[in-house]
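There are 2 protein chains.
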Amino acid sequence: MFRETNSRSIVKGITWRVLATTTTVIIVYVFFGRLDLAIAAGILESVLKVALYWAHERGWHKIRWGRERISPFNLWFTGLPSSGKTTIADAVFVELEKLHIPLERIDSKDIRDLIPNIGYSREERNRHLKRVGHLIQTLQNNSISTVASFISPYRESRKALREMVHNNIVVYIKADIETCKKRDTHGNYDKALAGEYPNFTGISDVYEEPKHAEIIIDTDLLSVEEAVKIITNYVKKHYIK
Amino acid sequence: MFRETNSRSIVKGITWRVLATTTTVIIVYVFFGRLDLAIAAGILESVLKVALYWAHERGWHKIRWGRERISPFNLWFTGLPSSGKTTIADAVFVELEKLHIPLERIDSKDIRDLIPNIGYSREERNRHLKRVGHLIQTLQNNSISTVASFISPYRESRKALREMVHNNIVVYIKADIETCKKRDTHGNYDKALAGEYPNFTGISDVYEEPKHAEIIIDTDLLSVEEAVKIITNYVKKHYIK
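If you're matching them up, the sequences are chains A and B in order.
The letter at position 95 of the first sequence is residue 95 when you use full-length UniProt numbering, and the numbering goes up by one with no holes.
The letter at position 137 of the second sequence is residue 137 when you use full-length UniProt numbering, and the numbering goes up by one with no holes.
It is possible that part of the hints are untrue.
The list cannot tell twin chains apart, which means a pair is met if one copy fits it or any two copies do.
[What the hints assert, rightly or not] Here are the simulated lysine-lysine pairs, DSSO-like style, with alpha carbons at most 30 angstroms apart:
| # | residue 1 | residue 2 |
| --- | --- | --- |
| 1 | 241 | 98 |
| 2 | 236 | 98 |
| 3 | 182 | 237 |
| 4 | 62 | 229 |
| 5 | 237 | 159 |
| 6 | 62 | 241 |
| 7 | 12 | 229 |
| 8 | 182 | 62 |
| 9 | 62 | 181 |
Derived from the structure by calculation, the hints contain no laboratory data.
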């Protein structure tokens, strides 16, 4: 939340005064045809009204009516490991921050500082994402929008999340599994193929494609820049007044 | 965050106009001594300037300068089990909400939806509170203040938390262990004394009294209402402009 500083009220008063007194001088001149008196009236008006305007601004600053809470949204990036979720979500976050809306980035990696990842079974993954949903709820209660990127392979957990949060926008980052393997700089796919990871999405565990994604980004066809543009335009069109 | 609605700008314009045009009419009358022309000038001014004022308001609404982020605080209630932390923190939260600052209540019980409590050993408690600290950081990054109540028995975890968050206010809810036992409606103390809980603070585990608490509430001497007053006054004095 923001408060308006005293200097803001004063400078607003000055810009308004230039606009308003010029108008007064013109009106008085039109009515009375005497420029000297019109200007004198203008000067007196300026002095008086700068003070009045300041008091008026500070008074209104205390009134809550007409200040509307911004409605938050949740951009939810889902897709195979190394499909490009984090890269695109990071770039979208940078773009959306330029709009000066309250915004938080949530990535499956960073979230472990906050919520320990208890395991990779279906049940554990679902429980983990429910906790992430609670975090998004807490942020949304305070008008904060979120850019979240999680593999989130199961329909049931994405559905549970959609029911928990407001203005949920599922962005499916679509990539061929061969493309993902090429993009994987950590050798995770190789390790999974070697049997080291028993629940690796795409190899030893299923990825259930979203059926109701608001946005589908086919990374085999679109560049990161193009993807970012599509996603930010969607957000601007639907959620930024 | 809030946005200002169009109606707010319009109504502000009207209240300002009444104030401003009355001044103009008086000035013109003083200069020219003709009430009829003074009023005519006032009417013309009103019509023109209501529109100008509206445009001026909407223009300024787009300007961020002079809008200051509210600096968030963290009220951290610590004390023995059943000392009265939750009761007092709940009442403080209700009082502070009346100030219309962005505020979130965090209690050791409710937090489990978000952060699973992994255990009660010293190491596990410290890790848990560090996660709570991350949550408070995330909220503070978005100007949200917090009212948190956790037994938090160890100095090291309270110290770690103080280093993580801004404007930390430790409120030590002091109560004699006999008083706590009487207040305990769940029979937890009895179970702990019977050896059922191996890490129960005050019985089978230590509570390290805070040495640097900003506020100490001796619940044997103060009523809940008195405690709430002391705490909210502290917050108002230091953190509410």
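Checked hints:
{"no.": "1", "hint": "241 - 98", "result": "both (15 angstroms within a copy, 28 angstroms between copies)"}
{"no.": "2", "hint": "236 - 98", "result": "within (12 angstroms within a copy, 33 angstroms between copies)"}
{"no.": "3", "hint": "182 - 237", "result": "neither (34 angstroms within a copy, 58 angstroms between copies)"}
{"no.": "4", "hint": "62 - 229", "result": "between (39 angstroms within a copy, 23 angstroms between copies)"}
{"no.": "5", "hint": "237 - 159", "result": "within (24 angstroms within a copy, 46 angstroms between copies)"}
{"no.": "6", "hint": "62 - 241", "result": "both (24 angstroms within a copy, 12 angstroms between copies)"}
{"no.": "7", "hint": "12 - 229", "result": "neither (35 angstroms within a copy, 37 angstroms between copies)"}
{"no.": "8", "hint": "182 - 62", "result": "neither (57 angstroms within a copy, 45 angstroms between copies)"}
{"no.": "9", "hint": "62 - 181", "result": "neither (57 angstroms within a copy, 46 angstroms between copies)"}
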